[in-house]
Every structure is written in C-alpha cells, then in structure tokens.
Amino acid sequence: MYGGGNTFEGIKTDSLSQEDPQKLAEFEARIARGEKIEPGDWMPDMYRKQLIRMIEQHGHSEIIGALPEGTWITRAPGFKRKLSLMAKVQDEVGHAQLLYSAAETLGKSREQMLDDLITGKSKYSNIFNYPAFTWADSCFISWLVDAGAIVNQLANAKGSYGPYCRALERICAEESFHLKYGHHCVIYLASGTDKQRQMFQEALNRWWAPMMHFFGPSDKISAHTEVLMKWKVKMSTNDDQRNQFLDMYVPKIWELGFTIPDPKLKKNTETNKWEYTEPDWEEFKRVINGDGPCNKERLEVRRIAEERGRWVREALKSPSMRYVTPLA
Amino acid sequence: MKSLDPRVNRLPGFGQGEVQPKAALDQLGTYEVFVQAKEGKPFQHEGIVHASDIELAYILAKETFTRRFTCVSLYVTDTRDVYVSPLSEGQTSAYDLLPAAEVQQGEQEMYEVYHLVKRGKQHVHAGEVSASSPQGAMQVAKQQLGVGKVVYNVWVIRKKAIRYTTDTDKDLWLTLPDKKYRDASDYKAGDKLTAFLEKAKHAV
Ligand SMILES: [Fe+2]
Ligand SMILES: [Fe+2]
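Protein chains in written order, with our numbering: chain G, 1 to 328; chain Z, 1 to 204.
By construction, these hints were calculated from the structure, which means they are not laboratory data.
Since no wrong hints were added, every one of them can be taken at face value.
Simulated crosslink set (DSS-like; lysine-lysine; CA at most 25 Å straight-line):
1. K80/G - K188/Z
2. K108/G - K22/Z
3. K82/G - K188/Z
4. K285/G - K2/Z
5. K179/Z - K80/G
6. K317/G - K62/Z
7. K180/Z - K80/G
8. K121/Z - K49/G
9. K118/Z - K232/G
10. K82/G - K192/Z
11. K23/G - K118/Z
12. K2/Z - K296/G
13. K82/G - K180/Z
14. K82/G - K179/Z
15. K267/G - K201/Z
16. K36/G - K118/Z
17. K38/Z - K118/Z
18. K199/Z - K195/G
19. K252/G - K192/Z
20. K158/G - K121/Z
21. K266/G - K201/Z
22. K118/Z - K230/G
23. K195/G - K188/Z
24. K317/G - K22/Z
25. K252/G - K201/Z
26. K62/Z - K82/G
27. K121/Z - K62/Z
28. K49/G - K22/Z
29. K22/Z - K296/G
30. K82/G - K195/G
31. K121/Z - K108/G
32. K121/Z - K230/G
33. K121/G - K22/Z
34. K199/Z - K252/G
35. K108/G - K232/G
36. K2/Z - K121/G
37. K121/Z - K232/G
Predicted model, so just to flag it, every value in this text is computed and none were measured.
All chains, full assembly: derive it from the sequences and hints.
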C-alpha cells in the first residue's frame with residue numbers, strides 16, 4: 001500500500017547546478033528514450049536522494065499498513081477470512097522487504113531505514129495513522145486503501161528506476177488478490193443484515209477524509225514537481241491519481257447502496273473530472289507531522305517488534321557457539 | 001501512551017522503551033536470489049534477501065519470492081560471491097569493457113554466467129563455463145557466450161558458492177496448489193452482487 005501523500009515536501013533544486021552538465025544531459029536523454037536507470041549508472045544526487053526517500057517511505061507504508069489490519073486477523077469472522085487476511089498481511093510485509101531491497105541499491109542500508117522509521121525521521125503513508133475500530137474498517141482498508149495504492153503503484157511501475165519498477169511489478173501482481181478479497185468482504189457486508197450494512201457505512205464515514213488525503217495535497221498547493229516528472233520519479237499528479245481512484249471506485253461504492261459523506265461529490269460531465277469538497281489539508285499536515293490518533297502507537301509497536309527480534313538477529317550472527325556434551 | 005486497541009495495550013513494554021539505534025549488520029548480509037519459473041526456462045535474478053547464512057537465505061528466498069505458483073526451482077548465493085562486469089550502453093558490449101586479464105593456470109572450476117541483455121530487465125542465465133578464477137571465467141564467457149551479442153552487464157558466480165534446490169526441497173512448493181486463498185480467483189462474489197442488486201431494484 002502507498003499513497004503520494006507522504007512525498008509532499010518540496011524538493012531543493014540547488015544541488016542540480018553542481019552536477020556535470022554533460023552527464024546530466026545523457027542521464028535525461030536516457031530517461032526520455034524510455035530506458036531505465038540501473039544502480040551502476042551515473043545519476044544526479046537529487047535523483048538518488050528523492051528515490052531513496054520515496055522507495056523507503058513506500059516500504060515503511062507497507063510495514064505500518066500491516067498493523068491496523070494485522071490486529072484484525074484473530075478477530076476476522078470465520079476461519080476463511082482469517083486465512084485470507086493473514087495471507088494479505090504477509091504479502092504487505094513481503095512488499096516492504098522488496099522495497100527496502102530496491103532502496104538499498106541506491107546506497108542506504110536497511111539498518112538506517114529501520115532506525116529512521118522508528119525515530120520518526122522518515123514518514124509513511126498518512127492514512128495508517130487512523131484507527132481500525134471494527135471489522136468493517138479492516139474491510140475498508142483491504143478494498144479501498146489497497147485500491148488507492150494500486151492506482152499509485154501502477155503509475156510508479158512505469159517510472160525510470162529499474163529496481164523499483166521490478167519490485168512494483170511483483171507487488172502489483174499480489175495486490176490484485178488484496179483488492180478482490182477486500183471487495184468480496186464488502187459485498188458480504190453490504191448484502192448482510194442491517195447491522196452489517198450500518199457497520200460498513202460507519203467505516204466509510206470515518207475513512208473517507210483520510211482516503212481523499214491519501215493521494216497527497218491538491219496540485220494547486222503541491223510543491224513544484226516538474227523535475228520529478230521529467231525524471232519519471234513521479235508519474236502522475238496527486239489530483240490525477242485521486243480522480244482516477246474516484247472514477248473507478250465511487251460507482252462501485254454507490255452500487256452497494258452506501259452513501260459517501262461528501263454532498264459535493266459528483267462527476268462533472270463536461271470536464272470529465274470529479275468535483276468534491278476540498279479535503280482539509282491543514283489536518284493532513286498536522287497528522288503527518290505526528291499529531292494523529294495513532295502515530296505514536298504505530299511507531300511504538302514497530303519499536304517493540306524490533307526490540308523483541310534483536311536477540312534472534314544477534315544469535316543468528318554468531319552461529320559459532322556449539323553445544324558439546326559434558327565429559328563427566 | 002494508550003492505544004484504542006486493547007491488543008496493543010497488552011504488548012509487553014508498550015510505551016516504556018527507548019529507541020536503540022541498530023548496530024552495523026544488525027540486518028545481516030545479503031544474498032542474491034535466482035528463480036526458474038518453468039521447467040526448461042532459464043533462471044533469472046529476482047532480488048535479494050537478508051540472512052545470516054546461505055541455508056536461511058534459501059528459506060527466506062522461498063518465502064519472499066515463491067509464495068504462489070511462480071517457480072519450479074531457485075538458488076541463492078552470497079552477494080559477495082557474484083563477480084560483476086562494468087555496465088555498458090548503446091552498441092557497446094560489457095564484454096568489451098573487461099580489464100585485460102591473463103588466463104591463469106590453476107584448478108578449473110565451473111561458473112554460472114548471467115547476462116543483462118535488455119536494460120531495465122533482470123539478469124538472465126546464459127550458460128556455464130569452466131575457469132580458474134572469476135576474471136578468467138569472464139574471459140571464457142566472452143568467447144563462448146558473448147560473441148556477436150550486445151550484453152550490457154555480465155555476472156559470473158562460482159558454482160561451489162551456490163545453494164541449489166535439491167530434489168527433496170521441491171516438496172516446499174507441493175502445498176501451494178491448496179492455498180487458493182492467496183489467489184484473486186478465489187474471491188468470486190459476482191453472483192452475490194447480482195442477487196443483491198436484483199433485490200435492491202425490487203425494493204425501490
Ligand atoms: Fe502492498
Ligand atoms: Fe495490498
């Protein structure tokens with residue numbers, strides 16, 4: 001899972017003037033030809049830094065994103081749902097491993113990435129700073145947050161950095177299971193009892209605002225991204241991705257008879273674009289900077305997981321200890 | 001700190017610890033993973049895993065890359081055991097960028113050879129050669145596998161440094177067909193949806 005929402009900080013272009021102009025021109029020509037950049041190739045410092053940040057944050061989002069759903073595994077209704085959710089959560093953690101590996105090819109160690117996650121130095125997708133109160137919240141995440149992630153990941157898979165694209169191709173193949181599973185869960189809630197329907201409606205009411213935030217601030221207020229678009233680091237704008245998501249999923253939500261909590265939401269038939277109430281970007285910034293309902297506990301759970309695994313990693317590192325039967 | 005989720009509050013040490021920075025190599029070293037998708041197809045590079053030794057690397061590779069019907073065989077090797085050529089571009093072959101190496105006399109060993117033939121794709125198995133050093137293996141591969149071809153990057157790996165799949169290891173994948181719940185095709189809800197829509201139509 002992922003969203004464009006965490007790479008909204010502006011980029012500094014001043015380092016660009018220190019790059020070798022000829023190498024820079026060759027680099028840009030390669031991207032313009034549609035060729036991928038590989039780890040051994042020359043690349044501008046800014047490209048490297050931006051990609052590390054983006055891929056690393058994507059990796060963190062997979063790990064942290066597994067937490068709200070993870071606690072629902074034992075409470076999922078029935079054995080089959082438990083199996084499915086467990087498989088999905090396992091996939092998400094596997095995605096983090098693939099992504100960390102891709103980021104590592106750019107020169108940042110996995111130790112450092114994990115440290116930066118726990119200390120709060122690097123960010124992850126903002127949507128996971130909200131709680132999953134009920135089973136329906138978990139279903140919302142599986143279906144719609146993953147759907148949003150797919151929009152983002154399919155776009156990024158056409159980007160310029162070889163290892164990231166290859167990781168994303170593998171990830172997207174698995175996401176199709178997540179999406180189908182999530183939709184399956186929601187269809188069952190929708191065609192269930194009144195209470196089940198109400199439960200999903202309430203989850204939808206809680207998650208709609210974070211879902212609109214998911215793709216990042218509107219293009220009107222986003223830091224300028226032309227260089228990143230030219231270098232195929234960013235493949236489409238936040239608003240375009242949001243629009244694509246609404247196009248694909250609003251009809252499916254309405255079809256199930258649910259109400260989306262935005263009276264202004266409608267498709268403009270002339271522009272072919274969706275109109276909606278402008279999301280509260282102040283809240284978005286506040287939450288991404290640490291002041292959301294779950295920020296602290298997400299990092300704390302991660303810290304505990306790391307601490308509890310430490311002795312295992314240390315034991316693995318020193319396999320030279322051997323048991324010898326006492327002599328007498 | 002208090003979570004809204006009682007399960008989280010019950011975690012031992014919740015809210016009480018300090019962040020301990022990681023020591024170097026806390027995440028262990030890396031191993032390269034090569035996978036054969038189908039019988040008769042060449043192996044190709046898939047990615048890396050972090051592990052403490054090659055046996056654990058093999059197991060983690062299986063978990064990371066072959067949770068579904070994606071392979072018949074895989075092998076792993078320590079990243080440091082992969083000898084890498086320069087990266088070339090355009091019409092230049094990586095073989096032409098190799099530093100001149102004298103062919104040394106010595107004990108011959110077998111090497112696996114991988115080629116990158118299209119930038120942006122994975123390295124694919126090209127064949128195997130016999131040589132007395134990785135540098136020598138590159139030179140032999142140039143003559144035996146690289147003539148008349150543009151190859152952008154070459155990897156050679158001593159076969160003795162590889163953990164291959166054995167016949168009994170293949171059991172690892174035997175239960176995969178039973179795990180249909182990992183597959184999108186196991187989540188068909190079309191009938192349920194149609195029934196729901198029908199009912200909704202009549203209710204109006
Ligand atoms: Fe994912
Ligand atoms: Fe997912």
